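Protein chains in written order, with UniProt numbering: chain A, 1 to 286; chain B, 1 to 286.
For the record, the hints were derived by calculation from the structure and aren't laboratory data.
A few of these clues could be false.
Since the list can't tell identical chains apart, any single copy or any two copies may satisfy a pair.
No more than 30 Å apart at the CA atoms, straight line, and that leaves these computed lysine-lysine pairs for BS3-like [said to hold, decoys possible]: (1) Lys227 <-> Lys24; (2) Lys280 <-> Lys106; (3) Lys150 <-> Lys204; (4) Lys150 <-> Lys280; (5) Lys74 <-> Lys25; (6) Lys272 <-> Lys224; (7) Lys227 <-> Lys166; (8) Lys285 <-> Lys150; (9) Lys180 <-> Lys204; (10) Lys150 <-> Lys166; (11) Lys24 <-> Lys106; (12) Lys168 <-> Lys224; (13) Lys224 <-> Lys24; (14) Lys227 <-> Lys25; (15) Lys106 <-> Lys227; (16) Lys224 <-> Lys74; (17) Lys204 <-> Lys285; (18) Lys227 <-> Lys74; (19) Lys25 <-> Lys224; (20) Lys166 <-> Lys224; (21) Lys272 <-> Lys106; (22) Lys234 <-> Lys204.
As the structure is a prediction and not an experimental result, all values here were calculated from the model.
Number of protein chains: 2
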Amino acid sequence: MLYLVGLGLSDETDITIKGLEIVKKASRVYLEAYTSILLVDQSVLESYYGRSIVVADREMVESNSDEILRDADKVDVAFLVVGDPFGATTHTDLVIRARELGIAVKSVPNASIMSGIGAAGLQLYNFGQTVSMVFFTDNWRPASFYDRIKENRSIGLHTLVLLDIKVKEQSLENLARGRKIFEPPRYMTVGTCASQMLEIEEEKGEGVYGPDSLAIGAARVGGKTEKFVAGTLKELCDSDDALGPPLHSMVLLGTRTHELEHEYVREFAVNKETWDRIWKADYGKQ
Amino acid sequence: MLYLVGLGLSDETDITIKGLEIVKKASRVYLEAYTSILLVDQSVLESYYGRSIVVADREMVESNSDEILRDADKVDVAFLVVGDPFGATTHTDLVIRARELGIAVKSVPNASIMSGIGAAGLQLYNFGQTVSMVFFTDNWRPASFYDRIKENRSIGLHTLVLLDIKVKEQSLENLARGRKIFEPPRYMTVGTCASQMLEIEEEKGEGVYGPDSLAIGAARVGGKTEKFVAGTLKELCDSDDALGPPLHSMVLLGTRTHELEHEYVREFAVNKETWDRIWKADYGKQ
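Let's have the full structure, built from the sequences with the hints guiding it.
Okay, structure coming up:
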């Protein structure tokens, strides 16, 4: 059996009882560690679970999945995924490959950022499609998020923005020379996300959002030091110190809001007067 | 401290380690049991947690929350919620009341149907806003879901439909006579949901969807007997036997789909030929 086990969002105690029982009994345990991370190290997980863990990087999962699935028709293999197994990143290709090999699959759900973001105080009902924001470079500034946000905002919906993480990345030089030397991990902050968003709005000029649009920055959702900062996009450009260490996510508000959400989120506002004024003028209309 | 603890989707082993530690230590433990249910009885939870639980019905949570919050500035109170504390139903009002009373609040995330539905094989990124479907009566057939689905479909997005549950409901007669006699619980099935949807489409005639629109019925997501059935809305009208006992949910597909989703979900199709034919004609276009 292949078990896809969700680990939740923050530390070793976020696994479910059901998930932990599977991890303890499985013949082999893999940890998918390239699309998201927990806030604790692998060694903490290993000592808590009482198991050694093989870290599965993108190359392994995408090109060498048969090694992960080896003998899984006879023994139990646990594939651990931060968040929910089918959350922000799906592992449908691994499941399809298992099916082809006649291997049974079960998944153990857990909190995903896509539902965990509800702790910011906005109704999950009113979220539209989710978008991703990658680190811009001089030559590469993918802006497909802009049209998605435009669609969401056209019908009043909030947008969850998932922020890039770079782990096990090689510099162009090391890549060219075939040197397996990896750069230190980088995690996008809300400040970078907000400024990249404003940069694209400036370029496109369609008025999908602007410096005064309301948003919520979220850090370490579900963790002991969970933190939310609410404000305009312009204010959030400077919110990194307030938010603290990774992981960060962001929500851009849609206009379909409820007075209860106003009151709830206001608690996190950088500047309550600004928050109230803009909310009153532009939100809660639908 | 008030702890909002998510219980996950199916049974007593879906609580996280973090959540269980809080439940074991709390002075009082409440279970919110009117917006969703686990697939096991309260007595199973009590014996597994080693704690007695006070079931909090809607009246208690909405009108008597100060009893739940009593002394929570000095002792720990655990308020258990099926799914995620901020998932399909938010408990923002309870948190706001706690803030007013100077009570600190922490929440423990868990799987919600809003992310758990990813196990059906559609990318969670491409879901629009979530809608609810209530049991129609002769005089009451609320159809606000129709316009929401229209909005989602206009931009190619999937729609998660959450199905009504009726627990602790009184008949009109018992209500009128003030008799606290409750009807047996009722849980909407995918079959009822699909036929109510078609009824409203027939009435409105805007062609938002039709008998040949593709959808997925989901039963007991995250549970040992989790089951998905994919087909047209017309086929899903007759899928209740295949899906089995509650809880059910449904997804109406948007047209923005990926070939991998086609292949993944096809496994659940009532009729694979129909599924392939309609998919090829109408989906995967965006």
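**Q.** Numbers of unmet hints, in rising order
**A.** Violated: hint 9 alone.
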